[in-house]
Amino acid sequence: MRRTLLFRNAAPYLLLLPGLLWLVVFYVYPAFQMFLTSLYTGNLDTGYTQTWNWGIYGESITEYWPWLFRSIVYGGLATILAFALGFPLAYAIAFRGGAYKNVLLFLVIAPFFTSFLLRTISWKIILADNGLVLGPLKDLGLLPEEFRLLATPAAVIAGITYNFLPFMTLPLYVSLERIDRRLIEAAEDLYAGPWRPQGTIIGTVLGGVLGLVVGLVMDYGPFSLSIPFAIIGALVGTWLIGQAFIRVTLPLALPGIFAGSLLTFIPAVGDFVNAELLGNPQSLMIGNVIQARYLQVTDYPTASALSFILMLAILIGLFLYARLIGTEELTGASI
Amino acid sequence: MTDPQRPFSGDLTRRRFLQGSALAGVSAFLAACGTAGQSGGAATSTAAAGESAAPAASAGAGGTPAAGGTLRFANWLGYMDVTEDGSSYPTIEKFQDETGITVEYGDGAVDDNETFFTADLQAPLEAGQPTAWDLIVVTDWMVARLIRLGWVDAIDTSLTPNFVANLAENYKGRSFDPDTNLAAPWQSGMTGLGYDKAITGDQDSIEVLFSDEFKGKLTYLSEMRDTIGLAAIRLGFSPEELTQEQFDASLADVDKAVKDGVVRQVVGNSYVEDMAGGGVVLAIAWSGDVLTLLVPDQTPEQDFQWALPKEGGMLWTDNMVLPKGSQNKAQAERWIDFYYDPVNAATIEAYVNYVCPVAGARDVMLETDAELANNPLIFPPDEWVARLHQFRATTAEEEQAWSEAFTKAMGL
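Just so you know, the sequences run in chain order Y and U. Going by this note's numbering, 284 is the number at position 284 of the first sequence; the sequence numbering is gapless. Convert by adding 335 to the 1-based position in the second sequence; the result is the number in this note's numbering.
No wet-lab data here; the hints were simulated from the structure. A hint or two may mislead.
[Claimed, not checked] Within a straight-line C-alpha distance of at most 20 Å, the following computed EDC-like cross-link-like pairs (lysine to aspartate or glutamate) qualify:
#	chain 1	residue 1	chain 2	residue 2
1	U	K743	Y	E63
2	U	K550	U	D588
3	U	K550	Y	E145
4	U	K659	U	D491
5	U	K532	Y	E146
6	U	K594	Y	D139
7	U	K550	Y	D219
8	U	K532	U	E636
9	Y	K138	U	E636
10	U	K659	Y	D45
11	U	K550	Y	E63
12	U	K743	Y	E146
13	U	K532	U	D514
14	U	K594	Y	E146
[Said to hold, decoys possible] Here are some, though not all, of the chain Y residues that point toward chain U, as calculated from beta-carbon distances under 10 Å:
#	residue
15	D129
16	G135
17	R148
18	A151
19	D189
20	Q282
21	N288
22	V289
23	Q291
For clarity, every value in this text was computed on a predicted model and none was experimentally measured. The beta-carbon is built from N, C-alpha and C at its ideal position, and this holds for glycine as well.
Chain U extracted, bound-state conformation (with noise of 0.2 Å):
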């Protein structure tokens, strides 16, 4: 399944891994740059293409979709088809064919939430300023952060009439996005059990993350909400709506279980290496790790699988975002319409690998790649979409009192 050409190692950093990584940092800057000098030259003759193209192309919409100009696109690493030589992204470049925009693509600009916002977003957003970025990718929690601190621009649904039409069900309405009109979904990813089969053989409950079976052989994740799920819907609890009670039992088992030595390491992508090193058998895991990390790292005797645990599991999402008051607004709003092309959406999915929130882009993927198409990890079924939950927002006093208690019970 899973391409040998591909550099499996990209995907290292893009969750949280390793704050403040300088690698990444300047993998990412030396990333940026070449799409940025390398698109540079053709983007101006395109670009004065487009802007006399421009009242053409917005007959069909309701707005004026832009056409021409720059978009600053801040994403996380390995979370774009690139060429094999690695020298270019093949479906920015047919957007800026379309569309006359010069797309600087920032990949790994966003090597973990906390850092971004902390690096990119909270010095201008604060003074009122705009970033240096029309168009961010971050996760859930932070975008409700984000909405909360009022820093987000809402997105002008006349001129993405794909995102309208093939946003997926379960992604409308969230409760940081009541309206639907201030993130765009971009990837998602589930949360649940990662384990080394021919070790604990199947495994399919939250329970055994909570026992003594695999003691010292087990690592949780250091994202609060990964965790604290699940910890909550092994309970019987709905992370939809968790309250403060439920959060603090929830967090007192976590808490139990790694002060017990249960739990060997908390943390981020790391896990990875642990279970390829042999010393970690099982973990809370993410899906795509599964497919793009584990496989190619596999001995003979180790079988990594990835179950979505009987009691549910966890969906997240890295969601678009227009920060607050970019100038090129327009022409992000152009991508995200553009993304949700199925087709488009397709493109991206068969070299991503995590789960695509467009509606039709499987049925794209049919004809393309038929075994992508019903991999269940890319694709979930209708009985896995039932089993998973998503964090609900918190409060600006929750989000702190949480992730204080959390990295408590981490051990800091």
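For reference, chain Y alone in the conformation it holds in the complex (with noise of 0.2 Å):
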């Protein structure tokens, strides 16, 4: 009798064993000594040596900040579009996928079954400067013979978003397929109808802003893009987002986006093939920099230094972005 209490007191904690070692082991302690390392002095020749050199961080950081800048836009931006492009995804297939529900989720996460490394070389074809996407356009006159979209941060940015849409589109799938209907049927009977003209103007407004910033990362010049994404975005407001889905689905959906975003956005800054295989040399993100501090150069305490000071900033971004939601408003809306 007292035997079973105890084991059912200890329980918990037994459960949390095999993962909290699996951290300390693979997480924890390498982190440690990625601590250490960053604060040694020396080089390959003369050895490492522990001297506390705090003064890293701030020479990182001065050195570096343009890459962790870009990093941090592209990676941001790629959520974004992730989300833009996974949650009309999500939606169709928990509101409307039907019998083909598995179907199309296993679409979703088809991908998944070829490696990181051959799904972005295949980009690299699909895009090549005469290849399928781009020849036939250029042979029709619609793009000038030297426009290009690998070597761009362009493709950079839409091979991260690509990579990491499952990610986005699954945590949202999730969800959005809880959502009861009948809360929905109610709104609609308590006369919640279209967005007009409130969806008209924030949409035009988010799409305008949403184009400006793609159009400048990606060197496209601030109005080239701000105009479609605005149309687009205008046409949303309009006809497709009712007031039911402003005050019902997408609170609810909350704790979906809020999931898909950071498992988007942690990876994507960190990135690092995207960069490597798409990019050119004014895109390289800080993951780049890292592996070329670290195997090239050798330099081990400044690679060190740069993935701690990565971490903290994803850290720190995180915290806000919790802050901003408001992890109760997520709990309150799952239940």
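Build the complex from these two chains, which are given one at a time in their own frames, with help from the hints.
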């Protein structure tokens, strides 16, 4: 009797144990080692000694803040674009998938059956200067002959968006799928109609701003993309989004939005494969810098310091984001 | 020329393509398991026979050549002749039969110099322990680094008479290996101009790499010694004796070309796909790629060529090196001697298609495959050799400072 009680009390901790052990061995210990390494001085030939060189953090930030900033911008944009693509996708599967739900979900995950590297390399073939996409457009005279997608920031952001799209779509699907349809019907019974004119205005503004940022980051000029994006935003806001969506569906989907954007943003900021394969020397990210510092320059302290700074920057961003969306609202919405 | 059966994609990861490529790792692992497992059974019997035969075999040479035992050999992908079904390596089989030594061949165990150094060599050698390999193949500058760190065992040249007799002249007394007993060249490659003749016309000068003529349609190599080497040659410097000022001047030109957008990307092996896709028409390119990779991908409108620039080009070498403290040093030396037999080198060369460092291999090949033997990309004529430069060994400080400066110019 007593023993059963003891066991029952200990059970949660026992269940935690394997995961905790795993994290301690493969995360906490390496992270601690990395922290110690970041404070070393020396080189390959003289060896490295612990000098508690805290200055390296300041130096690394001063020297590499443009790459950090660029990574956060690229990762952020990729997250927003993945949301813009993933939300309609998840919504359609959850609400209109019918008998095909499982097939459609499988198709969302299907790219994961191929290696990350191969998927990105195949983008090089698809986006080649005279390849499948650009070749016909150039032949029709819609694009100038020198236009290219590969080796541009646009290709890097597009590649990251594509590679992490399932991470965004799946959590969104889960939270949308759980929504009780009767709540939406109830909203409609209570005269939730189209969302005009606010929807038109907000859609236009959001689309325009996103287009402006994307255009600037991708080097296509501030206004080339903002007009088409604003038009799409206006159309979506006017006809596709109703009050029931704004007041019921969206708040209930918040946990999925929160989880999906974190799962996309965190690996996207640290990604280096897309920038290496699809980018140019002007679009390399902090992950590439860390890799080069570690492997090519064998400057282990700086590489470690940069990894730590990146981790810290993401943690701070995460904290602010959780504050912004509000964890209470999250748990409240999920009930 | 190129064997249609040949899996040309095998060379993709041969040079630094993408560090930490999980894919290559898996295939290397499978390949390594394949040989070891498949030769394991035969080896136990031959090994037993070999040990008793050892004294007889040693009679001729000065030392005692090894027989029996094991040789763990780490090499790059696509660097050994293999049967069409990929199940065995004929030259390695021959070596096993002749010597009774079991070879555990790590095909692709070396994926790129930096990763191999970090993953396989650094930790054990720093601690004074033997590595998991008895013989490794790494590029010149990595050899120089290992020698500098004291992590290399000297080859007992009395056990390798073929190596002494048949090493081509231009490999003797290299700056990092003055006595020619620390590194035995395995394959070399030349760095020069790769171009799509259909678009660029004939090219024979480094100058075009620094001009606006093909702006945004040319790539540089991410190997510092290749790209800086060509930049230095263009300025009239000798890569064999590059000074700090000369390095700075060469780097400044590279930096400017990258900043101005003349250079589309700074890449490893992947310029090959970009050329095939039409986006890149001019590249700092390795000679072997044109033979093995570009030709099969060519469309009728494309005409890929490789040229050794008139100003000169770079010669790099991947070398067999004995990592310090391996238990099977004698077996590794036996393999070096075996490879430097021109007959064996020619067999491997017919498959590998890089530059062969073994004198006499060409004569052997003239009889078996005259076309290959006369290919300047495999056996460069003397006037080419005269134009080829080798990057000098660097000090520890230079190595770090130069690679740091170079990665900065690359946008990192």
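Against the structure, the hints come out as follows:
1. U:K743 with Y:E63: holds, 11 Å
2. U:K550 with U:D588: holds, 15 Å
3. U:K550 with Y:E145: This hinted pair holds, its Cα atoms lying about 13 Å apart.
4. U:K659 with U:D491: Cα-Cα ~13 Å, so holds.
5. U:K532 with Y:E146: Within the cut-off at roughly 19 Å; holds.
6. U:K594 with Y:D139: violated, 30 Å
7. U:K550 with Y:D219: Holds: K550 (chain U) and D219 (chain Y) sit about 17 Å apart, inside 20 Å.
8. U:K532 with U:E636: holds, 10 Å
9. Y:K138 with U:E636: Cα-Cα ~17 Å, so holds.
10. U:K659 with Y:D45: With Cα atoms ~16 Å apart, K659 (chain U) and D45 (chain Y) stay inside 20 Å; holds.
11. U:K550 with Y:E63: violated, 29 Å
12. U:K743 with Y:E146: Distance ~27 Å between K743 (chain U) and E146 (chain Y) Cα, so the pair is violated.
13. U:K532 with U:D514: Judged against 20 Å, a Cα distance of about 43 Å means the pair is violated.
14. U:K594 with Y:E146: Since the Cα atoms of K594 (chain U) and E146 (chain Y) sit roughly 19 Å apart, the hinted pair holds (cutoff 20 Å).
15. D129: holds, 4 Å
16. G135: holds, 9 Å
17. R148: holds, 6 Å
18. A151: holds, 5 Å
19. D189: Violated - the Cβ of D189 (chain Y) stays beyond 10 Å from chain U, reaching only about 54 Å at its closest.
20. Q282: holds, 6 Å
21. N288: At about 6 Å, which falls below the 10 Å cut-off, the nearest Cβ of chain U leaves the hint on N288 (chain Y) intact, so it holds.
22. V289: The hint holds - V289 (chain Y) has a Cβ within 10 Å of chain U, the shortest such distance being about 5 Å.
23. Q291: At 6 Å from the nearest chain U Cβ, Q291 (chain Y) passes the 10 Å test, so the hint holds.
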